[in-house]
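**Q** Sequence:
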Amino acid sequence: MNLHISNARIIDPRGKRDATGSIFTSGGQIVALDTPPGEFVSERVYDASGLIACPGLIDVCARLREPGNEHKATIASETRAAARGGITTLCCPPDTDPVIDEPATVELIHRRAEDSGLSAVLPLGALTQGLRGEMLAEMGALKDAGCVGVSNAWVAVNDTRVTRRAFEYAATHDLAVFIQAHDEWLGKNGCANEGPVATRLGLPGVPASAETVALAQMLELVATSGVRAHFSQLSAARSLELMSTARASGLNVTADASMSHLHLSENDLLGFNSLCHVRPPLRSARDRDALRAALRDGVLSAVCSDHQPHEPDAKLAPFASTEPGISGLDTLMSLALKLVQEGAVTLPRVLESLTSGPAEVLGVARGSLSVGSRADVCLFDPDVEWEVSDESLLSAGRNTPFFGWSLPGRVRAVLIAGRLHEFSP
1207 MNLHISNARI IDPRGKRDAT GSIFTSGGQI VALDTPPGEF VSERVYDASG LIACPGLIDV
1267 CARLREPGNE HKATIASETR AAARGGITTL CCPPDTDPVI DEPATVELIH RRAEDSGLSA
1327 VLPLGALTQG LRGEMLAEMG ALKDAGCVGV SNAWVAVNDT RVTRRAFEYA ATHDLAVFIQ
1387 AHDEWLGKNG CANEGPVATR LGLPGVPASA ETVALAQMLE LVATSGVRAH FSQLSAARSL
1447 ELMSTARASG LNVTADASMS HLHLSENDLL GFNSLCHVRP PLRSARDRDA LRAALRDGVL
1507 SAVCSDHQPH EPDAKLAPFA STEPGISGLD TLMSLALKLV QEGAVTLPRV LESLTSGPAE
1567 VLGVARGSLS VGSRADVCLF DPDVEWEVSD ESLLSAGRNT PFFGWSLPGR VRAVLIAGRL
1627 HEFSP
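Residues 1207 to 1631 (this note's numbering) are what the sequence shown spells out, left to right.
No lab work stands behind these hints, which were simulated from the structure alone.
Predicted, not measured: the structure shown is a model, and the values here were computed from it.
Beta carbons: idealized from backbone N, C-alpha and C, even for Gly.
One or more of the hints may lead you astray.
Have a look at the derived ranges for each label pair, beta carbon to beta carbon [claimed, not checked]:
#1 Glu1597 <-> Asn1479: 31 to 41 Å
#2 Gly1549 <-> Asp1224: 16 to 26 Å
#3 Arg1223 <-> Pro1243: 11 to 21 Å
#4 Gly1549 <-> Pro1410: 31 to 41 Å
#5 Glu1597 <-> Arg1215: 22 to 32 Å
#6 Gly1569 <-> Glu1249: 28 to 38 Å
#7 Gly1256 <-> Lys1394: 44 to 54 Å
#8 Asp1589 <-> Ser1455: 21 to 31 Å
Model the full structure from these sequences, guided by the hints.
**A** Encoded structure:
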């Protein structure tokens, strides 16, 4: 469809644009801005007065539970929630069942996403076969099947020789390695940040050093292997210092943090709130503030939802026995706007961390509103307030600690490869 989006405030961080204008799309691409190309005939004019148009959001970490855990969620249910939240591209880790270590699994995920007709899903392949940390996965075949990177998710590779060889192998295929920096021995059996709150609640702690020790080791292996590396869901202030130093030295590394860690801290665990049980754990208010500063300063290239939908029973046991994870697709955009509302970061910068920043991390030609780009566009009303409730969420997972929060901004429409999807207020 030839579409004319008119009167929108267009914010394109990559193109350094923030001005009112028009977007013209045809054949799944953006063909012009402000002035239609010659012989362009609009089949539809969408009046975006009062709305902001930005590139479709890109989430670098979202578990969709399919294949293997469809009782929690499906690709169809979660891409529907993602589209409603302005997310047009999702990246899923390889710890599905079966693990994403063969092209057939990649093809299954792509097919299910295409059948849903909504947000695109870009899988990460397994770093090692079965995520067992022993034999390297066939990374070349996974890349050819459509994987945008490789990872061992939260499963530790205990043999550092295997890790080094895996990094070198990934580098030969120009595949980014996505790393969860976590020392399983320092963090063994822990479920909360090691500190006064965990002590008061009697919960086993996970020290910040469980992250920083692993991060320091991985940075050394990245330096010796030459691989492009992305560190997922950093949570500690010291980790950000290490990352800043590594980037300043020219190391080809990037990092993200989850939106939940930018808003919550260990204090939110008081009362044994199992909805706040996550990995890595919510850390101190100082760590949360350091994450916000790292987002402002560009140390963090992306912010993700770290979406992990669960069925209700998964959060009903005693805190330490509940399954970690927060459902985050529905609230990603609005929590980003709340950071702006609170003065923690500017609107263009937070949108950059959700669009062009993630696109660069994944190495995909998305996250831009330039002419010739894929027509992935998010149109949202920044002035609307809505309350997080069971009725307002579309994800199959209702496990969010933000119930009752009043959040700014609501997505009114998205374009996904040029296809317009509109949403009621």
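**Q** Among the hints numbered above, which are violated by the structure, and what are their numbers in rising order?
**A** Violated hints: 1, 8; rest satisfied.
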